[in-house]
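Based on the sequences and whatever the hints tell you, model everything.
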Amino acid sequence: MPAVTMTAVAREAGVSVSTVSHVVNGTRTVAARTRADVLEAMHRLGFSYEGVTRSLAAGATPTIGVALPMSANPFLHELRAGIEVEALRQGLSVIGSDTGEDEQREERAVANLLAHHINGLVIVPTAGWEDGALRMLRGRPVPFVVLDRLQSLAVDQVVVENEASAASLVDHLLALGHRRIAVIGGIEGLTTTAERLRGYAVAHQRHNVPVDQSLIFDGGSTEMQGRRAMLKILALPQRPTAVFVCNDSMTLGALRALQEEGLQVPRDLALVAFDDLPWADVVEPRITAAAQPSFAMGARAVQLLRRRMHNADAPSQVLRLQAEITHRTSCGCSPPG
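Numbering (this note's numbering), first residue to last: 8 to 344.
Treat the hints as calculated values from the structure; they're not laboratory data. Incorrect hints may have been included.
[What the hints assert, rightly or not] Calculated pairs, DMTMM-like style, for lysine to aspartate or glutamate (alpha carbon to alpha carbon, straight line, at most 20 Å): (1) Lys239 to Asp219; (2) Lys239 to Asp225; (3) Lys239 to Glu267; (4) Lys239 to Glu268; (5) Lys239 to Asp275; (6) Lys239 to Glu195.
Structure follows, in structure tokens:
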């Protein structure tokens, strides 16, 4: 039976061949719904890669492990999809483990993956991984790549440009005239949280607006805690006029809190968010957001890991990918033409 081509996948999914190529190679961000259509078409048609065929013919398929907190966060699912598609292209098998954002569970997960004799590891580290998973990895010859959360280590890493993107979102609110802007931050101790909060502060400095510490709230990176943080914001004696939410799960919780209180965005409170929810441009209000190239991040992590597996002495690289700011209506602007 002849091999299924990208052209056949494109025809099945109703997209261009270049779009299929971007999904396969992680070379450009593709809309979540379009990517899902392409992946489904690949599965239906039995699309395969030459890399896999070569590896099987050689009698062995190298295996990489993936350790990340597989919550309901769409960003993390996109990361995992990028890892799996690129691994397939590279002729690698993937086994994964959910760390649950808990350093002890993460340590057990990494130990289990190492026991399966993986050839490499991609990890989204927890806030407390230094004394557990990292210590274990340092004592093994297995190469690893850090994904999403920048670390002060001379290892391969793939992260997004958090500070500048966060600053751009808050800059936009300040340019619209807002002077009391609350922020709902993520898990304390994560570099993503620290960088996005720095971006919030940088934007205020640019506009000569003092940062009000009473407007900084901990959202714990979850929907439930994001909802609680928004309820606290709404209970302030002097309510802010805008809020910056630092990830997609917390954004969903914040929107639920606003709905419960009978408030509307942006009429009662302007809102911008880090991470672009899959439905951000089809619901009202349409969410102004910084979209991370999550699929591409996962794919690039596998590429760095494959390189490290072939050359253990190669110099380490830190890749910072740019987020894309999409202005919609939740910030109070008119819909884009």
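So, going through the hints one by one against the coordinates:
1. The straight-line distance between the Cα atoms of Lys239 and Asp219 is roughly 15 Å, inside the 20 Å bound, and the hint therefore holds.
2. At most 20 Å may separate the alpha-carbon atoms for a hinted pair to count; Lys239 and Asp225 meet this at roughly 10 Å.
3. A C-alpha spacing of about 13 Å is found between Lys239 and Glu267, which places the hinted pair at or below 20 Å, so the restraint holds.
4. Only pairs whose Cα atoms come within 20 Å are accepted, and Lys239 paired with Glu268 is accepted, the gap being roughly 12 Å.
5. With a C-alpha separation of about 15 Å, the suggested pair Lys239 and Asp275 falls inside the 20 Å cut-off, and the hint holds.
6. The hinted pair formed by Lys239 and Glu195 meets the criterion: a straight-line CA distance of about 18 Å does not exceed 20 Å.
This entry satisfies every hint, going by the numbered hints stated previously.
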